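Q: So the chains spell out like this:
Protein chains: 2
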Amino acid sequence: MKIDIQSRDVFYVSDGTAITCETIGHVVLGQFPFNANEKTFPFVESKEKLEDLLREIEISFIKNGVKPLVFFSMVITELKEALLQSNCYGYDILGSLVQQVETDIQIAPVPQLQRSRSVSKDSDTYFDRIAAIEYTLAHDDGVTLKGLEKADIILLGVSRSGKTPTSLYMAMQFGLRVVNYPFIDDDLSRLRLLPEFEIHRHKLFGLTIDPQRLTEIRQNRLAGSDYASNEQCLHELQTVEALFRREAIPYINTSSLSVEEISTRVLEKAGLRRRLL
Amino acid sequence: MKIDIQSRDVFYVSDGTAITCETIGHVVLGQFPFNANEKTFPFVESKEKLEDLLREIEISFIKNGVKPLVFFSMVITELKEALLQSNCYGYDILGSLVQQVETDIQIAPVPQLQRSRSVSKDSDTYFDRIAAIEYTLAHDDGVTLKGLEKADIILLGVSRSGKTPTSLYMAMQFGLRVVNYPFIDDDLSRLRLLPEFEIHRHKLFGLTIDPQRLTEIRQNRLAGSDYASNEQCLHELQTVEALFRREAIPYINTSSLSVEEISTRVLEKAGLRRRLL
Numbered sequence: 015m016k017i018d019i020q021s022r023d024v025f026y027v028s029d030g031t032a033i034t035c036e037t038i039g040h041v042v043l044g045q046f047p048f049n050a051n052e053k054t055f056p057f058v059e060s061k062e063k064l065e066d067l068l069r070e071i072e073i074s075f076i077k078n079g080v081k082p083l084v085f086f087s088m089v090i091t092e093l094k095e096a097l098l099q100s101n102c103y104g105y106d107i108l109g110s111l112v113q114q115v116e117t118d119i120q121i122a123p124v125p126q127l128q129r130s131r132s133v134s135k136d137s138d139t140y141f142d143r144i145a146a147i148e149y150t151l152a153h154d155d156g157v158t159l160k161g162l163e164k165a166d167i168i169l170l171g172v173s174r175s176g177k178t179p180t181s182l183y184m185a186m187q188f189g190l191r192v193v194n195y196p197f198i199d200d201d202l203s204r205l206r207l208l209p210e211f212e213i214h215r216h217k218l219f220g221l222t223i224d225p226q227r228l229t230e231i232r233q234n235r236l237a238g239s240d241y242a243s244n245e246q247c248l249h250e251l252q253t254v255e256a257l258f259r260r261e262a263i264p265y266i267n268t269s270s271l272s273v274e275e276i277s278t279r280v281l282e283k284a285g286l287r288r289r290l291l
Numbered sequence: 015m016k017i018d019i020q021s022r023d024v025f026y027v028s029d030g031t032a033i034t035c036e037t038i039g040h041v042v043l044g045q046f047p048f049n050a051n052e053k054t055f056p057f058v059e060s061k062e063k064l065e066d067l068l069r070e071i072e073i074s075f076i077k078n079g080v081k082p083l084v085f086f087s088m089v090i091t092e093l094k095e096a097l098l099q100s101n102c103y104g105y106d107i108l109g110s111l112v113q114q115v116e117t118d119i120q121i122a123p124v125p126q127l128q129r130s131r132s133v134s135k136d137s138d139t140y141f142d143r144i145a146a147i148e149y150t151l152a153h154d155d156g157v158t159l160k161g162l163e164k165a166d167i168i169l170l171g172v173s174r175s176g177k178t179p180t181s182l183y184m185a186m187q188f189g190l191r192v193v194n195y196p197f198i199d200d201d202l203s204r205l206r207l208l209p210e211f212e213i214h215r216h217k218l219f220g221l222t223i224d225p226q227r228l229t230e231i232r233q234n235r236l237a238g239s240d241y242a243s244n245e246q247c248l249h250e251l252q253t254v255e256a257l258f259r260r261e262a263i264p265y266i267n268t269s270s271l272s273v274e275e276i277s278t279r280v281l282e283k284a285g286l287r288r289r290l291l
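Order-wise, the sequence lines are chains A and B.
Position in the first sequence (from 1) plus 14 gives the number in the numbering used here.
Position in the second sequence (from 1) plus 14 gives the number in the numbering used here.
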């Protein structure tokens, strides 16, 4: 049998959603030069569910001749031990951290099943988050400019500069109420801010992007159109960046950033506190 | 000075967005019975930025008489060491995992700055994610039923059962194209599925919720309305759950679940593979 050491089976296992396991696993594996064949096992809270996983571990080991990597987070000790006795390399993503904290602060942990965010414990937080998502949806893409006084931040930029995904992420992850407004041709020729924005100046934040990257993104959407042409992209960006500078609106370039990175950098530059949900 | 051991300063520090640090920190601290005063320091990539952090650590220690807890993730060794020499309890959220993996698989890591998701490395993934968000936004709340053949899943449920946040989360986190459709009075009296859904039966998934919880959520939105009355909520839910059973549509109760948990459970029950982004 030929063993391809450049490729490994990786399993994410949790008694909760396993989203945290995936996140941590991705960052850890991002440091190593091999391909991961990933599979996720959420809500492993019983022996029955663990049996399914153990079977897959055994199949992977037999098939590949090397142990799969398993990033896990489980509270029930028996399940954890059974997992660690199987033919895998197991990584408890929280275990050592919990131990270290206990040693440092001398307070005993009270183990509970993993819950990414709890609904019942804190209903206000639930409503805040839903309200932020709703507000942000209602104010996407300049649909309405009513209720700007409730906005935490107002994102400005040309079409396809990343406003919508950033707005939704900020609402979902940080519970912020985000307005986003696209500059379209009309605004560009007038090159001025809408009067509605005047009294909310302190909330304005610009997104810009490299012309080349914008062209690529627009071509992906409407190949061959004027809208996606190099000239149009360059013109729009130059006009809008001049506006940002003239009006002293802070802005960042989103070209090489993920949605998470854009959101976090905007928050930081705007001096907004994250509402940890 | 009175020391309140039930409350601690907690800092999240990263050379990236620090979102992973926050997530891990929350889960770890969720196991301990004390209150955390949290603050996040993203993009700590330079000595200057580290100095700001070290100052805050010192202030916290002097003010509280106990060391703050610092969950961190940083690649640059000098920054890491300087942090660990300050008056804090430091927890490297990745360090020990990377070491363990290295030992197990005998491949040396290639450290790189933390990036939650990379844009430039993998442009297809970027476009997939944006396309999923756009599709999902366009198909929110029954706005259109065109293009259902491209949907990964179609969520059904009464108003306020959690469809919109769940749809957006699935798009954002897992890159899935989600349609969601609310049952409104018309459908309820007819109590049948729209013909448009017939050929997509295998994609249908129901969300339901306890009558009491639904009443609470609707009261929060429109207090005192018929819409938010106990009777109306109970009637809608009974009707819709009967439909789910009659039509053999799988469904889950969202009452005590977070958006992350709903999304993950739906994926699991629907047998959809997560697209890890």
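These are calculated hints, taken from the structure and not from any lab test.
Just so we're clear, the structure is a prediction, and the values are computed from it rather than from any experiment.
We treat Cβ as the ideally placed atom computed from N, Cα and C, and that holds for glycine.
A portion of the hints provided could be inaccurate.
[Stated by the list, open to error] Derived pair list, reagent style DSS-like, types lysine-lysine, alpha-carbon separation capped at 30 Å:
(1) A:K283 <-> B:K53
(2) B:K283 <-> B:K164
(3) A:K283 <-> A:K160
(4) B:K217 <-> A:K53
(5) A:K53 <-> A:K77
(6) A:K81 <-> A:K61
(7) A:K217 <-> B:K63
(8) B:K53 <-> B:K63
(9) A:K94 <-> A:K53
(10) A:K283 <-> B:K164
(11) A:K283 <-> B:K283
(12) A:K53 <-> B:K283
(13) B:K283 <-> A:K77
(14) B:K63 <-> B:K94
(15) A:K63 <-> B:K81
(16) B:K94 <-> A:K63
(17) B:K164 <-> A:K53
(18) B:K217 <-> A:K283
(19) A:K217 <-> A:K160
(20) B:K81 <-> B:K61
(21) A:K61 <-> B:K94
(22) B:K283 <-> A:K217
(23) A:K94 <-> B:K77
[What the hints assert, rightly or not] Now the in silico label distances, taken between C-beta atoms and shown as ranges:
(24) A:Y241 <-> B:A237: 42 to 48 Å
(25) A:A237 <-> B:S243: 30 to 36 Å
(26) B:A262 <-> A:P264: 49 to 55 Å
(27) B:E148 <-> A:S60: 34 to 40 Å
(28) A:F75 <-> B:L98: 33 to 39 Å
(29) A:T158 <-> B:I119: 38 to 44 Å
(30) A:Q233 <-> B:Q20: 29 to 35 Å
(31) B:E148 <-> A:N244: 21 to 27 Å
Q: Now, for every hint given, state plainly whether the structure supports it.
A: These are the hints, each one checked on the structure:
| no. | hint | result |
| --- | --- | --- |
| 1 | A:K283 <-> B:K53 | holds (15 Å) |
| 2 | B:K283 <-> B:K164 | holds (20 Å) |
| 3 | A:K283 <-> A:K160 | holds (25 Å) |
| 4 | B:K217 <-> A:K53 | holds (21 Å) |
| 5 | A:K53 <-> A:K77 | holds (16 Å) |
| 6 | A:K81 <-> A:K61 | holds (21 Å) |
| 7 | A:K217 <-> B:K63 | holds (24 Å) |
| 8 | B:K53 <-> B:K63 | holds (15 Å) |
| 9 | A:K94 <-> A:K53 | holds (18 Å) |
| 10 | A:K283 <-> B:K164 | violated (38 Å) |
| 11 | A:K283 <-> B:K283 | violated (41 Å) |
| 12 | A:K53 <-> B:K283 | holds (15 Å) |
| 13 | B:K283 <-> A:K77 | holds (27 Å) |
| 14 | B:K63 <-> B:K94 | holds (12 Å) |
| 15 | A:K63 <-> B:K81 | violated (41 Å) |
| 16 | B:K94 <-> A:K63 | violated (40 Å) |
| 17 | B:K164 <-> A:K53 | holds (23 Å) |
| 18 | B:K217 <-> A:K283 | violated (42 Å) |
| 19 | A:K217 <-> A:K160 | holds (15 Å) |
| 20 | B:K81 <-> B:K61 | holds (21 Å) |
| 21 | A:K61 <-> B:K94 | violated (41 Å) |
| 22 | B:K283 <-> A:K217 | violated (42 Å) |
| 23 | A:K94 <-> B:K77 | violated (40 Å) |
| 24 | A:Y241 <-> B:A237: 42 to 48 Å | holds (45 Å) |
| 25 | A:A237 <-> B:S243: 30 to 36 Å | violated (52 Å) |
| 26 | B:A262 <-> A:P264: 49 to 55 Å | holds (54 Å) |
| 27 | B:E148 <-> A:S60: 34 to 40 Å | holds (39 Å) |
| 28 | A:F75 <-> B:L98: 33 to 39 Å | holds (38 Å) |
| 29 | A:T158 <-> B:I119: 38 to 44 Å | violated (53 Å) |
| 30 | A:Q233 <-> B:Q20: 29 to 35 Å | violated (57 Å) |
| 31 | B:E148 <-> A:N244: 21 to 27 Å | holds (23 Å) |
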